[in-house]
Amino acid sequence: MKLLLELWTIVAVIAGAFFFFAGTVGLLRFPDSLTRLHALSKADNLGLGLVVLGLLPQVDSVSAGLKIVGIWLLVLLSGATAAQWIARTLRQSGPDS
Amino acid sequence: MIEVLNFGLAALILGLAVWTIVAREAPAAVVGFIVYGLLLTLVWLQLHGIDVALTEAAIGGGLTGVLLISAAVRLRSTETTARAQRSSASTRWLAAALSAAVTGALAICVLALPEPAPTLAPQVLANIAVTEVGNPITAVLLAFRAMDTLLEAIVLLFALIGVWSLAPDRAWGGRPGPLQQADPNGMLDYVARVLPPIGIVAGIYIFWIGADHPGGKFQGATILAAMWLLVMMAGLADAPPISRRWLRWLLVAGPLAFIAVGVLGAITAGAFLSYPLGHAKTLILVIEFALMPTLTLVLGLMLLGAPLRGEAP
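Chains P and A are the protein sequences, given in the same order.
Quick note: the first sequence, position 80, residue 79 per numbering that gives the first Met the number 0, numbers continuous.
Quick note: the second sequence, position 248, residue 247 per numbering that gives the first Met the number 0, numbers continuous.
These are computed hints drawn from the structure, not numbers from a lab.
Predicted model only: the values in this text are computed from it and were never measured.
Be a bit skeptical, because a hint or two may be false.
Quick list of the computed label-pair ranges, beta carbon to beta carbon [stated by the list, open to error]:
(1) A21/P <-> A106/A: 35 to 41 Å
(2) S62/P <-> L46/A: 24 to 30 Å
(3) S92/P <-> V21/A: 23 to 29 Å
Just so you know, even glycine gets a beta-carbon here, dropped at the ideal spot from N, CA and C.
Please put together the full structure from these sequences, using the hints given.
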């Protein structure tokens with residue numbers, strides 16, 4: 000059981016790191032601001048989510064687990080808001096590079 | 000493995016610091032500085048200075064970042080003029096040489112520190128029991144070196160007075176910051192309604208847990224101030240006119256309570272800011288509770304800037 004949980008952590012964290020990597024590549028390579036924003040929010044939401052899910056079996060207490068899930072939810076909220084806000088500003092000011 | 004990570008972190012921070020200095024555009028330099036603050040937070044975590052890491056993230060990265068962004072936005076119109084008046088090559092080389100000399104001197108001082116570095120940590124741990132708090136950082140800040148914390152709180156007040164003194168005469172006593180229109184369907188409006196309840200709980204939690212774990216009034220007050228600013232940015236509440244009596248009283252309440260506790264110590268325990276035995280925790284809590292609203296207001300009002308409008312909303 001312990002081995003299985005460790006394996007789960009390793010797989011999930013690596014998958015999360017992959018999303019961060021892909022998001023970074025997208026941020027650097029995508030052609031315009033809106034697509035770059037899209038790449039960035041994927042990294043935030045899915046990447047961090049997978050890292051948090053992977054770390055869940057490693058926490059000492061239920062409250063610590065709830066805290067890191069809470070952090071993920073807060074990042075989801077702030078990431079979605081910021082992305083929406085930037086995108087709206089872009090649409091109002093016209094697309095740039 | 001962890002060494003590779005630390006080395007990479009150090010290289011990244013140095014690179015970012017250089018980039019922040021050479022960046023031509025003020026907004027780019029500000030973004031560089033904010034990321035620099037966040038990376039510095041990771042360094043403090045690696046050094047096990049979690050209290051410092053929290054403060055760096057909240058004040059160094061967050062609050063200072065917002066201040067610098069608003070400064071960059073205000074200065075945008077002057078940017079081309081500023082760039083036209085470039086200082087001469089000799090002045091720039093002189094500045095670079097001076098900065099490099101200061102950096103070199105600092106590096107030599109740090110490298111010349113005896114190994115292990117001089118520390119008062121064992122004394123703090125030996126005497127922490129008398130303060131009745133569990134977090135040594137809080138014990139240092141509010142018992143062993145309470146004078147520093149008192150002066151820090153007063154300095155913040157002076158800084159706010161400095162910001163206010165930039166107000167034009169006609170707006171003196173008025174409301175700081177621009178008037179925001181609430182957009183009931185906007186994203187900001189939604190977040191400003193959803194986030195503050197969570198943020199207020201988190202801020203008070205970090206403040207309360209500071210007695211025994213990393214945290215404290217400064218970090219908690221920054222979160223509360225951020226929530227207040229969010230509500231004002233969304234236009235859900237207006238900034239208070241700075242001439243209000245309750246505002247002025249709250250601003251001085253923290254330092255006044257701190258000084259009162261100090262005088263009490265001078266009478267009952269023989270020295271300014273020393274606590275009578277057995278009452279240390281209570282008095283520390285009194286100071287913390289009095290400072291919390293003051294700090295929240297000072298940090299929030301400092302970001303709002305000088306009053307620019309009259310009293311009418």
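Hint by hint, here is what the structure shows:
For A21/P and A106/A, the Cβ-Cβ distance of about 39 Å falls inside the hinted range of 35 to 41 Å, so the restraint holds. The supplied range of 24 to 30 Å is met by S62/P and L46/A, whose beta-carbon atoms lie about 26 Å from each other. Between S92/P and V21/A the beta carbon distance is about 28 Å. The supplied range of 23 to 29 Å therefore holds.
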